[in-house]
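*Asks:* Each chain is listed here by its residues.
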Amino acid sequence: MIEFLIILPVIIPFFTGAILIATMKSREISRTISLASAFLLLVSSLVLFAVVWISGIKVLYVGSWKAPFGISFIADVFSVSMLIMTAVMLITVTIYSFSSIDSGREKYGFWVFLQFMIMGVCGSFLTGDIFNLFVWFEVMLMSSFVLIALGNEKFQLEGAIKYVTINVISSVLFLSAVGILYGMTGSLNMADLAGKIKLVGNNYLINIAALFFLTSFGIKAAIFPLFFWLPASYPTPPIPVTAIFSALLTKVGVFALIRVFTLVFTTDVSFTHGIILALAGLTMVTGVFGAAAQFEFRRILAFHIVSQIGYLLLGLGLFTLNGLSATVFFFFHIMLAKTNLFFISGIVNRIYGTYDLNKLGGIYKNHPFISIMFMISAGSLAGIPPLPGFWAKLFVIKAAFESHYYFLGAVAIIVSILTLYSMLKIWNEAFWKKNEYHFTKQEKLTHRFGWYAPVVVISVLMLLLSVFPEHIYLVAQKASEQIINSAEYIKIVIGK
Amino acid sequence: MYLLLSILIGVLFTTGIYMVLRRSIVKLVIGLALLTHAANLLIFVAGRVNTPIPPIIGKGEDSLIPPFADPIPQALILTAIVISFGLTSFAIVLIKRTYKQTGTEDLDDLNTTDKIEKL
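From first to last, the protein sequence lines stand for chains G and Z.
Our numbering applies: residue 1 is where the first sequence begins, and numbers increase by one.
Our numbering applies: residue 1 is where the second sequence begins, and numbers increase by one.
No lab work stands behind these hints, which were simulated from the structure alone.
Fair warning: this is a prediction, and the values are worked out from it, not measured in the lab.
Beta carbons: idealized from backbone N, C-alpha and C, even for Gly.
Each hint should be verified, as a subset may be incorrect.
The list that follows gives simulated cross-link-like pairs (lysine-lysine, DSS-like), each with its CA atoms no further than 27 angstroms apart [said to hold, decoys possible]:
hint, chain 1, residue 1, chain 2, residue 2
1, Z, Lys96, Z, Lys115
2, G, Lys58, G, Lys198
3, Z, Lys96, G, Lys107
4, G, Lys196, G, Lys66
5, Z, Lys100, G, Lys107
6, G, Lys425, G, Lys359
7, G, Lys434, G, Lys365
8, G, Lys154, Z, Lys100
9, G, Lys359, G, Lys434
10, G, Lys365, G, Lys425
11, Z, Lys27, G, Lys154
12, Z, Lys115, G, Lys433
13, G, Lys491, G, Lys478
14, G, Lys66, Z, Lys59
15, Z, Lys27, Z, Lys100
16, Z, Lys100, G, Lys25
17, G, Lys154, Z, Lys96
18, G, Lys359, Z, Lys115
19, G, Lys25, Z, Lys96
20, G, Lys425, Z, Lys115
21, Z, Lys27, Z, Lys115
22, G, Lys398, G, Lys478
23, Z, Lys115, G, Lys154
Computed footprint of chain Z on chain G, listed as stretches where at least three residues anywhere in the stretch have a Cβ under 8 angstroms from a Cβ of chain Z [said to hold, decoys possible]:
hint, stretch
24, 131–140
25, 143–152
26, 161–171
27, 175–182
28, 233–242
My request is simple: use the sequences and hints to build the entire structure.
*Replies:* Right under this line is the structure:
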């Protein structure tokens, strides 16, 4: 029974997607099914979390083939808490799509591919097999390709070409890396690889495979210098698609990096994790400077995705208990904050008909409620206490100082000040300055519930996170303990 | 055999990357297809090309006796081929739509989403 729970987060979106193909032409039925399945996903993830929290890591051997021979699905605190976040994001994006996705996109499979993408994401979080991870990545990517191109607008197609090309190249690198790794060790199960890679003896060969993985996942996670595709493609599709992409896809890349670089490639930490640390610093800095030059709402946010990925990487690069706890905590904060900011940009665009900061203005005067919602998320992204972003950054920077990386800690602080600059730029330009353009077409929001409910839900979650950070940090710490003590993980999976 | 295949993989990777860097979107798709072939061959070689004996446990034996051909790389390649087939067909449809929508097949003209001003 418990084993069945592990596979549920993959099965639920799969069957929902399959059913949605049949009901594609009916908007109402599709919407109801999508929302119901999103809640089902949340419930099953929460139950799974309770099980994993109480009784430790759980393993499902698919087809009863014991590891390392078959594919195994592994639920630990880290992966299951990511599943919960995925479900929360799916619910909010689903509700937001009710009012913001046009009927054409709905009829041509928006709901179907949204579900299939979630299946890929959940599969990537759960699998314990490196080749199976590749397959889940492809499931996720194929659906995201469709979502980004759906609608056939000129900008979307331009963005889609870049997105598809860079992701296929990344998949090719991933596949080559799997091949090299298999050639060295003769295994694909990550827990088994962790033991077998120590027998290879040739550190140079291992490092080559490690760098293949770093490049491949790095492209997906949009780390420096492989991030250029993200600001060019993410802002092109409709806001719900951008929001779910920014909440999940790059994070899956970082998740894969954490799995591989804490479990398998730990033979030459000073080399591999040294590179990760350097890249983390550069990612933070380039992302935030890239945003400074932009004057388009969504593109500023897109560059900040890149910048925040740097913080996530920093915790991984430190490779300490506190560093990884900080990273896990940062995941919670960044998924909420980023999605909410994109939602708000969508509402602003709906009312004023533009994303251009030069043309926007006076939102605070006309719509104070949405402005306050923006301030919560933007303040959190910049790290203003007591919002969750402050705690997340505090934990990351503290962990960096504990490991004596004073320079990187300082960089993280400076980047967070520059983030504040970017957020204040949006605030001043769009929300505070007088509107000189006097929009004639300032539309009234219809279906206010669909627009506002997701924003309010996420803002409330963020406020909860800022009031009770110690409880969530407890989860992050337990997750991090399980990641660091990989011997325990290997013992449970291999069964020795 | 190894040397020959390794050179072939190298050639495929080089041509693939060269084609991806060209300005025509058709060549871009050809390049992507070549790259996936290169990766598939790489797995094939990494799984050792030594013997045609199938990995079957004979009567009266309880484990495999070497030498035997490793079936896993072939299973991996099969999966990867299917995936790359899907990717390539999607890419072909995508470039067709893009050509219809933008009227150009020059990648250098598809740069509006990279510009700083506005979309």
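*Asks:* Broken hints, numbered, in rising order?
*Replies:* none
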